[in-house]
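Engineer: Spelled out, the chains give:
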Amino acid sequence: MKKLLIVFIMIIVFLLIYFLQANFFNWFTIAGNKPNVFIILILFISLFASKEISISFSILSGIFLDALIAKKVGISGIMFGIITVLGIYFDKNFSKDSKLTIILMTIGATIIYEIGTYVLNSILQGAQLEILPFIKILSIETLYNVLITIIIYPIFRVAGNIVEENFKGNKILTRYF
Amino acid sequence: MYKKKTGVIGIIITVIILILLVFISNMDIKKMSYVENILSSIVMPIQNGLTYLKNKVSGNNTFFSDINNLKQENEELKNKNAELEKQLREFEIIKSENATLKEYVNLSEQYSEYTTKPAYIINKDISNYSSIFVINIGEKDGIKPNMTVISEKGLVGHIISVTENTSKVQTIIDTANTVSAVLSSSHDAIICKGTLEDKSILKGSYIPTNANLILGDKLETSGMGGIYPKGIIVGTVKTIESTKNITDRYITITPAVDFEKVQTVLVITSS
Numbered sequence: 023m024k025k026l027l028i029v030f031i032m033i034i035v036f037l038l039i040y041f042l043q044a045n046f047f048n049w050f051t052i053a054g055n056k057p058n059v060f061i062i063l064i065l066f067i068s069l070f071a072s073k074e075i076s077i078s079f080s081i082l083s084g085i086f087l088d089a090l091i092a093k094k095v096g097i098s099g100i101m102f103g104i105i106t107v108l109g110i111y112f113d114k115n116f117s118k119d120s121k122l123t124i125i126l127m128t129i130g131a132t133i134i135y136e137i138g139t140y141v142l143n144s145i146l147q148g149a150q151l152e153i154l155p156f157i158k159i160l161s162i163e164t165l166y167n168v169l170i171t172i173i174i175y176p177i178f179r180v181a182g183n184i185v186e187e188n189f190k191g192n193k194i195l196t197r198y199f
Numbered sequence: 208m209y210k211k212k213t214g215v216i217g218i219i220i221t222v223i224i225l226i227l228l229v230f231i232s233n234m235d236i237k238k239m240s241y242v243e244n245i246l247s248s249i250v251m252p253i254q255n256g257l258t259y260l261k262n263k264v265s266g267n268n269t270f271f272s273d274i275n276n277l278k279q280e281n282e283e284l285k286n287k288n289a290e291l292e293k294q295l296r297e298f299e300i301i302k303s304e305n306a307t308l309k310e311y312v313n314l315s316e317q318y319s320e321y322t323t324k325p326a327y328i329i330n331k332d333i334s335n336y337s338s339i340f341v342i343n344i345g346e347k348d349g350i351k352p353n354m355t356v357i358s359e360k361g362l363v364g365h366i367i368s369v370t371e372n373t374s375k376v377q378t379i380i381d382t383a384n385t386v387s388a389v390l391s392s393s394h395d396a397i398i399c400k401g402t403l404e405d406k407s408i409l410k411g412s413y414i415p416t417n418a419n420l421i422l423g424d425k426l427e428t429s430g431m432g433g434i435y436p437k438g439i440i441v442g443t444v445k446t447i448e449s450t451k452n453i454t455d456r457y458i459t460i461t462p463a464v465d466f467e468k469v470q471t472v473l474v475i476t477s478s
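Line by line, the protein sequences are chains A and B.
Position in the first sequence (from 1) plus 22 gives the number in the working numbering.
Position in the second sequence (from 1) plus 207 gives the number in the working numbering.
With the rest of the complex left out, here is chain A:
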């Protein structure tokens, strides 16, 4: 029952982020560039929730996002899936108690997601790759994501512990290393 409630809250948070991305972050930009808060959410879920929940949530939310606003359905689903696998790997190998580790994870996840999405979109639509402008936008977006991660880190930790205790129970290991 508690797990179900957490999944429901995750869906509500996802929708909230969607409305923030589509409205607030359209004008609250750094040099005209928006953050991608979905990446932080997907990373959070993959770090703290169970494998099954995080993989299904990320793929479904990616497909949902693509269906709403993207050109091709599936690309975000695939990339969110990759971020989740990456998050699960991070969870096994790194401590989540350090703010710096979470920040580095956010940087890695943002870079991998955006490069993957951009390359896949370019291949599928025959668009020309513009490497330098892409790096510029990606740097600003990564910085923006890092700033948001720093701001929400306290919530990230508290909510993360609750999610982890409910989904992983006594299997939590990394916190005690």
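Because the hints were derived from the structure by calculation, they are not lab data.
Be careful, since some hints might not be right.
Taking lysine-lysine and the DSBU-like style, the derived pairs with C-alpha atoms no more than 30 angstroms apart in a straight line are [stated by the list, open to error]:
1) A:LYS94 to B:LYS360
2) B:LYS406 to A:LYS73
3) A:LYS94 to B:LYS451
4) A:LYS94 to B:LYS406
5) B:LYS347 to A:LYS94
6) B:LYS347 to A:LYS158
7) A:LYS94 to B:LYS324
8) A:LYS94 to B:LYS410
9) B:LYS324 to A:LYS158
Chain A regions said to be covered by chain B (calculated; three or more residues, Cβ under 8 angstroms) [what the hints assert, rightly or not]:
10) 37-49
11) 74-87
12) 156-164
Here the structure is a predicted model, which means the values were calculated and not measured.
Every residue, glycine too, gets a C-beta built ideally from N, C-alpha and C.
Assemble chain B onto chain A, guided by the hints.
Structural biologist: Frame of chain A, contents of chain B only:
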């Protein structure tokens, strides 16, 4: 020794007073009024309080009946204010609806040779690398993929997918979109594309080597490519960028439509 010290202090104080007097007496009236304001702001509250007390004491018998009247009056004014605020809100809604309708009428008249459907943007892209938006009409309104989307100022883009009630529009500033356009003065055809470098410009390439490029020249759709009809304004030439090889030269174009501000569009359903 003591007398000598107090004497020096006295002289210093006097000099300061003198300087202050000279300074204040030579200040213009505006600055003086500033000083007056400061002084009055200190004195007036006390003065007001005293006057209030005086009035209260002298008109003691009418004080409580006045309070009751004032309370009633205040309540009536509050109600009136709420009513007026409500009317104002209604008026604002009507005003905005009227503006939207006017925009629709203007658009339809401007492109009267085409059969069009008005729509407004309900959702904008969440990514930094593409430019897509969602409009509030779909399959139910006869919208199909590849239909052209325009605004009062010019070309916006084309429909890429539809649902029953909404449609996705890929704008011309999207990096994966290309538009075949002609320069209005020379009728030379070029290809316009969005660029990540600057989301408010288009890049015009594949320029014929003998093309005569003029700054500020208008660009219209050529009608080639099968999506966009001929003669819709795309934008104006902003800069001409020369390269070593003349075949690689390109132009930057300011789109006719301001994609940050556009809210109302028309979908060309048939020409």
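Engineer: Can you list which hints this structure breaks, lowest number first?
Structural biologist: 2, 3, 6, 9 and 11
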